[in-house]
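Q: Sequence:
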Amino acid sequence: MAQLLDGKALAKQIQTDRILAIRAWTQQVGRPPGLAVLMVGDNPASAAYVRNKERACERIGVASLGKHLPKQISQNEVAREILTLNENPNVDGILVQLPLPSHLEPSSLLTLIDSNKDADGLHPLNLGRLVRGEPGLRSCTPAGIMRLLAAYDVPLASKRAVVLGRSILVGKPIGLMLLAANATPTFAHSKTENLSELTRSADILIAAVGIPQLITKGMVKPGATVIDVGINRVEDETTSKPKLVGDVDFDSVEPIAGAITPVPGGIGPMTVTMLLENTIKSYCDRNHIPFSP
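In our numbering, the protein residues as written are 2 to 294.
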């Protein structure tokens, strides 16, 4: 039976450990850290994610300074909102909730965010700093994965890591972070041949493709660490109600893996926590306060 990598418990611990420090900093600086989440439109999933982030802010004492913008807002109007937040001294972290309505072009909007307030870690400057191995704000989901692996003392040096997915959100940055930790990463994607042969070679397998239960027990090396980034809504065959599953068939893989993350309760809570950590880091840097992860 695999060790369960409990991201929910670790996220709660990290957040709880920040509360007293944030109270002290708030007295010292005269204000708390501030996170602004811009949400455009009424996507129900996005609204749920935003509420989750707002609750996390409230829990630890970070000011939630976001705005809900109408669906038909123009590209230029969203751009002006971002530029206003860049200049707001009470805002330390800015996030544009994705996906955006189809008439908006996200990459140019993300590039407008002040790289030192880039709570999502997706600004080209921060991605470039990751490539160069320089300090910067890191992409939240990959940073959450690395924090979880470290908390459970999963060895990375000299280990073979296979990353399923090549997105700028998860796949590419987690590969670079694993490389920096002296693992040997390999990427797989929709055009990869002999996928099962490749995944069975992995000491660490990271699934981030958005295909429900793609990874089955025959694709996993016994004893491997399996990180499931997928969040997919499917119909429960028993109740006909929607349920969340990952990119990994948990029930078949868990008995042979060495360690595995659940869905939900694995990487999702860590992503939100790293968003808060990026905001706190920006706050500390801007106020000349020593920051340690």
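Incorrect hints may appear among the rest.
As the list claims (entries may be wrong) - Straight line, CA to CA, 16 Å or less: simulated EDC-like cross-link-like pairs of lysine to aspartate or glutamate: (1) K218 x D204; (2) K192 x D154; (3) K72 x E82; (4) K13 x E82; (5) K68 x E78; (6) K222 x E198; (7) K160 x D204; (8) K218 x D252; (9) K222 x E236; (10) K13 x D43; (11) K222 x D250; (12) K218 x E236; (13) K68 x E55; (14) K222 x E255; (15) K72 x E106; (16) K68 x E82; (17) K218 x E255; (18) K72 x D43; (19) K218 x D250.
These are computed hints drawn from the structure, not numbers from a lab.
Q: So, for every hint listed, does it hold in this structure?
A: These are the hints, each one checked on the structure:
1. The straight-line distance between the Cα atoms of K218 and D204 is roughly 14 Å, inside the 16 Å bound, and the hint therefore holds.
2. Only pairs whose Cα atoms come within 16 Å are accepted, and K192 paired with D154 is rejected, the gap being roughly 33 Å.
3. The suggested pairing of K72 with E82 holds, with an alpha-carbon distance near 14 Å, which does not exceed 16 Å.
4. Between the alpha carbons of K13 and E82 the distance comes to roughly 31 Å, so the proposed pair goes past 16 Å and is violated.
5. The suggested pairing of K68 with E78 holds, with an alpha-carbon distance near 13 Å, which does not exceed 16 Å.
6. Between K222 and E198, the direct Cα distance comes to roughly 10 Å. Compliance with the 16 Å bound is thereby established for this hinted pair.
7. Distance hint between K160 and D204 is fulfilled; the C-alpha atoms sit about 6 Å from each other, no more than 16 Å.
8. In summary, the hint linking K218 to D252 is supported, as the alpha carbons are separated by about 9 Å, within the 16 Å threshold.
9. Between K222 and E236, the direct Cα distance comes to roughly 29 Å. Violation of the 16 Å bound is thereby established for this hinted pair.
10. Taking the CA atoms of K13 and D43, the gap is near 28 Å; set against the 16 Å cutoff, the hint is violated.
11. For the hint pairing K222 with D250, the CA-to-CA distance comes to about 14 Å; that is within 16 Å, so the pair holds.
12. Between K218 and E236 the alpha-carbon distance is near 22 Å, which puts this suggested pair outside the 16 Å criterion.
13. A distance of roughly 11 Å separates the Cα atoms of K68 and E55; the hinted pair therefore holds under the 16 Å criterion.
14. At most 16 Å may separate the alpha-carbon atoms for a hinted pair to count; K222 and E255 meet this at roughly 11 Å.
15. For the proposed pair K72 and E106, the alpha carbon gap of about 13 Å is at most 16 Å, so the pair holds.
16. Annotation: proposed proximity of K68 to E82 holds, straight-line Cα distance about 9 Å (limit 16 Å).
17. About 8 Å separates the Cα atoms of K218 and E255, which keeps this hinted pair within 16 Å; it holds.
18. About 7 Å separates the Cα atoms of K72 and D43, which keeps this hinted pair within 16 Å; it holds.
19. Taking the CA atoms of K218 and D250, the gap is about 8 Å. The hint holds against a cut of 16 Å.
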